[in-house]
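A.B. asks: Residue numbers (this note's numbering), protein chains in the order written: chain A, 1 to 311; chain B, 1001 to 1298.
No lab work stands behind these hints: they were computed from the structure. Treat the hints with care, since some could be wrong.
[What the hints assert, rightly or not] Pairs of lysine-lysine residues, derived as BS3-like cross-links and limited to a Cα-Cα distance of at most 25 angstroms, are as follows:
1. A/K13 / B/K1143
2. B/K1193 / B/K1109
3. A/K121 / A/K144
4. B/K1226 / A/K57
5. B/K1062 / B/K1074
6. A/K121 / A/K57
7. B/K1193 / A/K144
8. B/K1226 / A/K21
9. B/K1074 / B/K1226
10. A/K57 / A/K67
11. A/K144 / B/K1074
12. A/K13 / B/K1115
13. A/K57 / B/K1143
14. B/K1226 / B/K1143
15. A/K144 / B/K1062
16. B/K1241 / A/K144
[To be verified] Residues of chain A clear of chain B, computed beta-carbon distances all greater than 12 angstroms:
17. Y24
18. R81
19. L82
20. I98
21. D154
22. S168
23. V174
24. L214
25. A240
26. I272
27. A302
[As the list claims (entries may be wrong)] Here are some, though not all, of the chain B residues that point toward chain A, as calculated from beta-carbon distances under 10 angstroms:
28. L1023
29. L1032
30. P1036
31. T1064
32. S1066
33. E1134
34. V1182
35. L1231
36. L1262
37. A1272
In this text, a Cβ means the ideal position worked out from N, Cα and C, and glycines have one as well.
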Amino acid sequence: MKAKSKEKIIKQKFSLQLMWKQRYLLMMSVPFVIWLIVFKYVPLWGWTMAFQEVKPKTFAQPVWERKFVGFDNFIKAFSDRLFGQTMINTIGLSILGIALGTIMAILFALMLNEICFNRFKKVTQTISYLPHFVSWVVIASIAKMALNDGGMIDTLFGRNLNLMSTNSPLFWVVVCLINIWKEMGWDAIVYLSAMAGIDQGLYEAAKVDGATRLQRIWHITLPGIKPTVVVLLIMSIGSALNVGMERQMLLSNAIVQDHAMVLSWFAYVRGIGTSNYGLGTAIGMFQSLVGILLLFLANKIAGWLGESKLI
Amino acid sequence: MAKVKNSYHKIKSRDNILDYILLIVFLFIILLTVYPFLNVLAISFNDPIDTMRNINFIIPRKFTVSNYVYVFEKNHLITPLLLSVARTLIGTLAGVICTAMLAYVLSRKDFYFNKLFTVLFVITMYVSGGLVPEYLLIMRTLKLGNNFLVYIIPGLIWVYNIILIRSFIDGLPIALQEAARVDGANDFTIWWKIVLPLCKPVLATVALFVAVGQWNSFMDTYLYAKDLPTLQYVLYEIMEKAQMKIDPHSAAQQTKNTISPLSVRMAITIIATVPILIVYPFLQKYFVGGMTVGAVKD
């Protein structure tokens, strides 16, 4: 009976009668589909600009009247004097961020899972994800107060550490640590809920067999959350090039600029800062496509290693 | 469930040196998280000249509200504050209603375009046109620059929130909807009268996600509407100004006016954070609930 009704639903034929019957559903969804097409699919169509020379003056022209330049914009982007350093920054920040961020979040989740003082555990957890809800502008304001020359940290250590004024990859580390400070508690939630799903009988059995607490963590808890870790890693590798422009822009300053520039920001600077729309679009398109490629690659590798795949 | 957990803790608490180590680590984490906020709060309420002596403190040494008075008098903070509040209220209300409406339609398996529309929305989670085409669409094609609507319309619906609400609706008993239909209610009435009231918990979660996003949003002002500065944008501008080396003359003048840029900045930082702090303790359970629902359903 149930299967039959399901069959009927799938085999619906298009008819005006059906449309009239579902007119309310149509009215409740079509405006949003139009919104979606305008705000999400029209920009995708904008990718055509990557193969054209588009400047403020020629933007108003229809697509076919603009000058097609093939892959010129991509070549221009890759040979840009900023491109090499930008790529290094983006990849460096991503690898550091993913590695440190994941390790810290898992460690924190493990500690939360282990501690017995329940009330205290709750308080710690609640406080730990407070910074997640605070805006990057506020975080940057606090971070600059704390880390700038002569700021809170310098005063604390009694000497100038130049945390925000060294033009070197040290800036990546500083950014990653700020990011961990902001997101560690929040990221731990997923791991914690994965840990809650582990069969408690395993722990009892291990206890009977005389396993120590660290052995139980190593042989039960960590393997238990491995699928979650793998899925989250695949997703973060997929967005490895999408290092947010907002964070970088807010935390950087003129001195560390060289090591703060990332792809999305680069697209903004070239595309809108200097009004070369075609070039900016090409950089954004490169970022998007490599992202999708990385996602599939990470997924494949996870498959080869015998891990659960995302797709 | 609770019983199982208790027994697990009994197993763990035998070798309890580790627990006290963890206790200390956690105290350290709490300190590390809370101290910067308390420090900012203290600076914002401290006498600006006194602040220059040493900025590491969490209790104001010379209490004053002059920084806040200054901020509201000299920095014209009223308009940005109103704009921030307006975009948060309007954006959240519009966003939640629209997302809930769409989520209901997409939860209806008998809807002819269900599959098609769902796929159209989900694709946009993975592929986006990128910053430059979006910028051109909003500024050049639609001419929404410096228009309040730019805060509401482009970010009206988040696909993630549709999934959240839809999976909640999927968990509701279908019999209620069918009973209403037998009574002659149309689809809109069913959504408004039956489904929406049942969805309150998930709507609270989504409303908070959207509200926090709206309040914290900075990039859209930066890109599209510098003439409609929100609180976050004003804070950014002050930060940028502080970054430029202040020449000695103006610094001297600033001292004369007994206001230091740092104190002003910290006062605005607090104003930009307080709404989050007020909402936070009461409603954080909704956030976490939503987060894990999303993680499981994905």
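A.B. asks: For each hint, tell me whether it holds in the structure or not.
C.D. replies: Here is how each hint holds up against the structure:
1. Distance check on the hinted pair: A/K13 and B/K1143 sit about 41 angstroms apart at the alpha-carbon level, beyond 25 angstroms; violated.
2. As the CA atoms of B/K1193 and B/K1109 are separated by approximately 20 angstroms, the hinted pair is consistent with the 25 angstroms bound.
3. A distance of roughly 30 angstroms separates the Cα atoms of A/K121 and A/K144; the hinted pair therefore is violated under the 25 angstroms criterion.
4. Proposed proximity of B/K1226 and A/K57 is supported: the alpha carbons are some 23 angstroms apart, at most 25 angstroms.
5. Distance check on the hinted pair: B/K1062 and B/K1074 sit about 22 angstroms apart at the alpha-carbon level, within 25 angstroms; holds.
6. A hinted pair counts as satisfied when its Cα atoms are at most 25 angstroms apart, and A/K121 with A/K57 does not qualify at roughly 60 angstroms.
7. Distance check on the hinted pair: B/K1193 and A/K144 sit about 50 angstroms apart at the alpha-carbon level, beyond 25 angstroms; violated.
8. The hinted pair formed by B/K1226 and A/K21 fails the criterion: a straight-line CA distance of about 47 angstroms is larger than 25 angstroms.
9. The straight-line distance between the Cα atoms of B/K1074 and B/K1226 is roughly 19 angstroms, inside the 25 angstroms bound, and the hint therefore holds.
10. Distance check on the hinted pair: A/K57 and A/K67 sit about 12 angstroms apart at the alpha-carbon level, within 25 angstroms; holds.
11. Proximity of A/K144 to B/K1074 is assessed by CA-CA distance (about 23 angstroms); at most 25 angstroms being required, the pair is judged to hold.
12. Distance check on the hinted pair: A/K13 and B/K1115 sit about 14 angstroms apart at the alpha-carbon level, within 25 angstroms; holds.
13. Restraint check for A/K57 and B/K1143: the C-alpha separation of about 16 angstroms stays at or below 25 angstroms, so the hint holds.
14. This hinted pair checks out: B/K1226 and B/K1143 have alpha carbons roughly 14 angstroms apart, not beyond 25 angstroms.
15. About 23 angstroms separates the Cα atoms of A/K144 and B/K1062, which keeps this hinted pair within 25 angstroms; it holds.
16. Note on B/K1241 and A/K144: the hinted pairing holds, with a Cα-Cα distance of about 13 angstroms set against a maximum of 25 angstroms.
17. Non-interface status of A/Y24 relative to chain B is broken: a Cβ of that chain comes within 12 angstroms, the nearest being about 4 angstroms off.
18. Listed as outside the interface, A/R81 is consistent with that label: its C-beta sits roughly 20 angstroms from the nearest C-beta of chain B, beyond the 12 angstroms cut-off.
19. With a cut of 12 angstroms on Cβ distances, A/L82 stays outside the contact zone with chain B, its closest approach being about 16 angstroms.
20. No beta-carbon of chain B is positioned within 12 angstroms of the beta-carbon of A/I98; the least distance is around 18 angstroms.
21. Distance check for A/D154 against chain B: the nearest CB is about 10 angstroms away, which does not clear 12 angstroms, and the non-interface claim fails.
22. Every beta carbon of chain B lies more than 12 angstroms from that of A/S168, the smallest distance being close to 19 angstroms; the non-interface claim holds.
23. Against the 12 angstroms criterion, A/V174 stays outside the reach of chain B, whose nearest CB is about 14 angstroms from its own CB.
24. Not every C-beta of chain B lies more than 12 angstroms from that of A/L214, the closest at about 8 angstroms, which undercuts listing it as non-interface.
25. For A/A240, the condition that its CB be more than 12 angstroms from all CB atoms of chain B holds, with the nearest at approximately 14 angstroms.
26. Non-interface status of A/I272 relative to chain B is broken: a Cβ of that chain comes within 12 angstroms, the nearest being about 6 angstroms off.
27. With a least CB separation of 16 angstroms from chain B, A/A302 remains clear of the 12 angstroms interface cut-off, as annotated.
28. Against a cut-off of 10 angstroms between C-beta atoms, the interface hint on B/L1023 holds, since the closest Cβ of chain A lies about 7 angstroms away.
29. Look at B/L1032: its Cβ gets to within about 7 angstroms of chain A, closer than 10 angstroms, so that hint holds up.
30. The beta carbon of B/P1036 is positioned within 10 angstroms of a beta carbon in chain A (closest approach about 5 angstroms), and the interface hint is therefore held.
31. A least Cβ separation of about 18 angstroms between B/T1064 and chain A goes past the 10 angstroms threshold, and the interface hint is therefore violated.
32. For B/S1066, the interface hint is violated, the least distance from its beta-carbon to any beta-carbon of chain A being 19 angstroms, above 10 angstroms.
33. For B/E1134, the shortest C-beta to C-beta distance to chain A is roughly 5 angstroms, which falls under 10 angstroms, so the interface hint holds.
34. Look at B/V1182: its Cβ only gets to about 15 angstroms from chain A, farther than 10 angstroms, so that hint breaks.
35. Of the supplied interface hints, the one on B/L1231 holds, with its beta-carbon coming within about 9 angstroms of a beta-carbon of chain A, less than 10 angstroms.
36. Annotation: B/L1262 was flagged as interfacial toward chain A, and the flag holds, the nearest CB pair being 7 angstroms apart, inside 10 angstroms.
37. With 10 angstroms as the threshold, the beta carbon of B/A1272 comes within range of chain A, its nearest partner Cβ sitting at about 5 angstroms, so the hint holds.
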